[in-house]
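Asker: Each chain, letter by letter, is given below.
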Amino acid sequence: MMALNIYGHQLDSRLLIGSALYPSPEVMKQAILASGSQVVTLSLKRQNPAEQSGQQIWRYIQEVVTEVNGHLLPNTAGCKTAKEAVTLAKMSREIFKTNWLKLEVIGDDYNLQPDPIELLNAAEQLIKDGFKVLPYCTDDLVLCQRLYDLGCQVIMPWASPIGTGKGLMNPYNLETIRLRLPDATLILDAGIGKPSDACLAMEMGYDGILLNSAVALADNPILMAKAFSHALEAGEQAYVAGVMQQRQTAHPSTPTLDTPFWHQNS
Amino acid sequence: MNIAIVGAGLMGRLVALSLLRGDQLRDKKLRQSQSQSVTITLFDKDNKLAHNSAAYAAAGLLTPLGESLHCEPNIVSMGFESLRLWPTLLDSLDEHTIFQQTGAIMVSHEQDKGDYQRFIKHLKNNYPEHALHTLSRAELLKLEPEIGRSFNQGLYLPQEGQIGNRRLLVALRKQLEKENKHTSSGNKLNWLSECQVIGIEGEIKNEINTTDETRTISYLHGGDKQCQRFDLVIDCRGTGATSKNSQRDCAPLSDLRSVRGELFQLFAPDVHISRPVRLMHPRYQLYIAPKQKGFYVVGATEIESDDDSPMTVRSAMELLSAAYSVHPGFAEANIRQHVSQCRPAFSDNQPKITHKGSLIQVNGLFRHGFLIAPVVLRQVLALVNNRINNTNDNLPYSDYLRTEQRQEEMI
Chain E
1 MMALNIYGHQ LDSRLLIGSA LYPSPEVMKQ AILASGSQVV TLSLKRQNPA EQSGQQIWRY
61 IQEVVTEVNG HLLPNTAGCK TAKEAVTLAK MSREIFKTNW LKLEVIGDDY NLQPDPIELL
121 NAAEQLIKDG FKVLPYCTDD LVLCQRLYDL GCQVIMPWAS PIGTGKGLMN PYNLETIRLR
181 LPDATLILDA GIGKPSDACL AMEMGYDGIL LNSAVALADN PILMAKAFSH ALEAGEQAYV
241 AGVMQQRQTA HPSTPTLDTP FWHQNS
Chain G
1 MNIAIVGAGL MGRLVALSLL RGDQLRDKKL RQSQSQSVTI TLFDKDNKLA HNSAAYAAAG
61 LLTPLGESLH CEPNIVSMGF ESLRLWPTLL DSLDEHTIFQ QTGAIMVSHE QDKGDYQRFI
121 KHLKNNYPEH ALHTLSRAEL LKLEPEIGRS FNQGLYLPQE GQIGNRRLLV ALRKQLEKEN
181 KHTSSGNKLN WLSECQVIGI EGEIKNEINT TDETRTISYL HGGDKQCQRF DLVIDCRGTG
241 ATSKNSQRDC APLSDLRSVR GELFQLFAPD VHISRPVRLM HPRYQLYIAP KQKGFYVVGA
301 TEIESDDDSP MTVRSAMELL SAAYSVHPGF AEANIRQHVS QCRPAFSDNQ PKITHKGSLI
361 QVNGLFRHGF LIAPVVLRQV LALVNNRINN TNDNLPYSDY LRTEQRQEEM I
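Which chain is which? The protein sequence lines are E and G, in order. Sequential numbering from 1 applies to the first sequence in the numbering used here. Sequential numbering from 1 applies to the second sequence in the numbering used here.
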C-alpha cells in the first residue's frame with residue numbers, strides 16, 4: 001500500500017485505531033498489533049488528567065505505540081465546548097509530548113454528533129497554538145471545507161454516529177467531500193461496523209479509516225483487527241486499480257458471437 | 001512456623017482464617033500429627049473495618065454468566081465453582097452473612113434490544129450447559145413484579161446469586177478474633193492493623209534449594225519501624241502491590257494496575273426487587289443488588305484510572321439515571337453512600353498467583369473478588385501445603401487459575 005500522509009509523516013498503515021472498550025489491555029495490545037495500525041487514539045477526559053490518574057494505562061498504550069513505531073493521537077472525547085476541548089488539548093500535549101490531536105467536540109448527547117460551531121472555534125485556536133489538528137466532524141461539505149481552510153490538513157468526517165456500527169449512512173456526501181477536497185487527507189471516522197464498510201470508503205478514495213468499537217466489541221477483537229487490515233488493503237488497491245464503470249447493459253466477458261444485439265426483445 | 005499475610009481485605013482474611021484453623025493441611029491425620037504450630041501475622045494498612053479495601057466497595061454479585069460478556073470463560077468456571085464452595089465456607093462462620101442463589105435478571109430497553117439479543121446468542125453459543133430463561137413481559141412481571149412494569153422482556157439466569165460483601169468482612173474479622181482466643185490447633189494470629197509494610201526482602205541461604213529461604217518484612221507501626229522474619233509470606237495487597245504504591249524492595253508487581261470503580265448505596269424502601277438486576281446498555285454497565293431492608297447497591301463504573309477521589313458528577317448521573325430507568329421508585333431513594341475505590345488488575349484482567357521460594361503473591365482479582373475467592377483460596381492453601389511439606393502436589397485449579405513461578409525478583 002502507498003503511504004498515508006498525516007501532517008508530513010508517512011505511515012505504512014491506513015488504519016487508525018482506538019484504545020477503548022477492549023476486554024482487557026492485553027487484548028487491546030494484541031488487536032493493535034494484528035491491525036498493523038501505527039496511530040492509536042486515546043482519551044483522557046475521564047482519567048482526571050490534572051492528577052494524571054490514568055498513567056498506568058497511558059504508559060501501557062505508549063509501549064504498544066513504541067513497539068509498532070507509531071504515533072499516539074490523544075483525543076478530546078467528552079468535551080462539549082471549544083473552551084473545554086482547548087484546555088484538555090493543552091493538558092494532553094503536556095502529558096504525551098505530541099502536538100497531534102483528534103479534536104472532538106460533541107453537540108448532542110443522544111447521537112454524539114459533533115458541534116460544528118464549537119469545533120471550528122476550537123480548531124482555529126488550537127492551530128494558532130501549534131497543534132496538528134485532526135477534527136472529527138459530520139459529513140457536511142461546507143464544514144469540511146472550512147476546517148481545511150483553517151489549516152486542518154487532515155479532516156475526519158463520520159460514517160455514522162460513534163459506536164453505532166451503521167456503516168456509511170450517506171455515501172453521496174462522503175463522495176462529494178472526497179471530490180471537492182482532493183488535496184486533504186480524508187480519514188473516515190466513527191460508525192464503521194464491518195470490514196466491508198471500511199473497504200467501501202477506501203474504494204471511494206478515502207485516505208484512511210479510524211475505528212474502535214468495530215474491533216473492540218467483536219467476539220474476537222484480534223481476528224477482527226486482521227480482517228480490517230485486509231479490508232483496507234483491498235479497498236486501497238481497488239481505488240488505485242480504478243473501479244470499472246457501472247453499465248445498464250450486460251457485457252459478456254466471453255464474447256457470444258451467435259447472439260447479435262438486434263435479437264433482444266426490448 | 002511463622003507466616004505473614006500482607007493485606008487484610010477479602011483474600012487476606014480468608015487465608016488468615018484458614019491458616020488459623022490449619023486448613024492448609026488437607027489430611028486430617030497429618031493435621032493432628034503436625035506438632036509444629038503456626039504463628040500468623042496479618043499486616044494491613046487499613047483499620048480492621050477494611051473500608052479502604054476493594055471488597056468493601058463491591059456489590060458481592062455471584063453472577064458468572066452476567067459477567068461472561070466481559071471476561072474469559074475460566075472466570076465463569078471459577079464463578080460457578082465458587083458458588084458451590086461459598087455455602088460451606090459461610091456455614092463455618094458464627095456471624096450470619098447473606099448468601100442468595102435465586103437467580104439474576106438481565107433487562108434492556110427497547111432501543112438497546114440488539115445488545116440484549118447479542119448477549120443471549122453469546123450465552124447459548126458459549127455456555128449451553130447453563131440454564132437460561134427468556135421471559136416475556138408477563139413472566140417478568142410474575143418473577144419481579146416491579147421490574148416488569150418498565151420492560152417488555154428479560155432474561156432469567158437461575159443459577160446466579162449474591163453475597164453480603166460487607167457483612168462477610170465483619171464476620172471474618174469476628175471469627176478471626178474468636179478463634180484466635182479459643183484455638184484448638186495451637187496456631188496463633190497477630191493482627192497488625194494500621195500498619196504500613198515497607199519492605200518484603202528475601203534471604204536465600206541456598207540458591208538451589210529455596211526451602212530454607214526466609215523473608216524479612218519491614219513495617220511502620222505506631223510510628224516505629226520494625227522488622228520481622230518469616231518462613232512464608234502471602235501477599236494479598238491488591239492495589240497496594242502496584243509499582244506506584246509499592247517500593248522496589250517491597251515486591252511490587254510490575255504488570256498490576258488500578259482500575260477505578262464507583263457505586264452507590266441507596267435506601268429505597270418503596271422499591272421491591274428481590275434478586276440482582278443488570279441493565280444492558282451500550283454506554284453503561286449497571287447492576288442493582290438488593291441488600292435487604294430496603295438497601296440497594298447500584299454500580300459500577302469501570303475507569304482506567306488509579307484515582308480514588310470521591311465519585312464524579314458524571315458517574316453519579318450515569319449510574320442514577322440508569323437505575324431510575326430500571327425502577328422509577330429510585331427517584332425517592334436516599335443516597336446513603338457513594339463509594340469510589342480501585343480494583344487491582346493485570347493487563348489481561350485475569351487473576352494470578354505467583355510464587356517463588358517463601359513468597360506467594362495473590363492478586364489481580366479485578367471486579368471478580370467475591371465471584372472467585374473460594375477457588376483462589378483453595379489454590380493458595382494447596383501452595384502453602386506444598387511449601388510447608390516440601391512437596392510438589394498438583395494444585396486443584398491449575399486449569400482455571402494462572403499459578404506460576406515468579407519470573408523476576410524486583411528486590
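Because the hints were derived from the structure by calculation, they are not lab data. In this text the structure is predicted, and so the values were computed from the model without any measurement. Built from N, CA and C at the ideal position, the CB exists for glycine as well. Some clues are possibly wrong.
[Unchecked claim] Simulated crosslink set (PhoX-like; lysine-lysine; CA at most 25 Å straight-line): (1) Lys132/E / Lys83/E; (2) Lys178/G / Lys188/G; (3) Lys166/E / Lys293/G; (4) Lys124/G / Lys225/G; (5) Lys45/G / Lys142/G; (6) Lys225/G / Lys188/G; (7) Lys142/G / Lys244/G; (8) Lys293/G / Lys226/E; (9) Lys45/G / Lys166/E; (10) Lys128/E / Lys166/E; (11) Lys80/E / Lys132/E; (12) Lys356/G / Lys174/G; (13) Lys194/E / Lys128/E; (14) Lys121/G / Lys194/E; (15) Lys45/E / Lys225/G; (16) Lys194/E / Lys291/G; (17) Lys124/G / Lys291/G; (18) Lys194/E / Lys293/G; (19) Lys45/E / Lys83/E; (20) Lys97/E / Lys132/E; (21) Lys48/G / Lys356/G; (22) Lys97/E / Lys244/G; (23) Lys48/G / Lys142/G; (24) Lys226/E / Lys166/E.
[Unchecked claim] Reference listing, derived: stretches of chain G covered by chain E, where coverage requires no fewer than 3 residues with Cβ under 8 Å from a Cβ of chain E: (25) 167-174; (26) 347-353.
Asker: Looking back at the hints listed earlier, which ones does the structure fail to meet?
Answerer: Going through the list in order, the structure violates hints 3, 4, 5, 7, 8, 9, 10, 12, 13, 15, 16, 17, 18, 21, 23 and 25 and respects the others.
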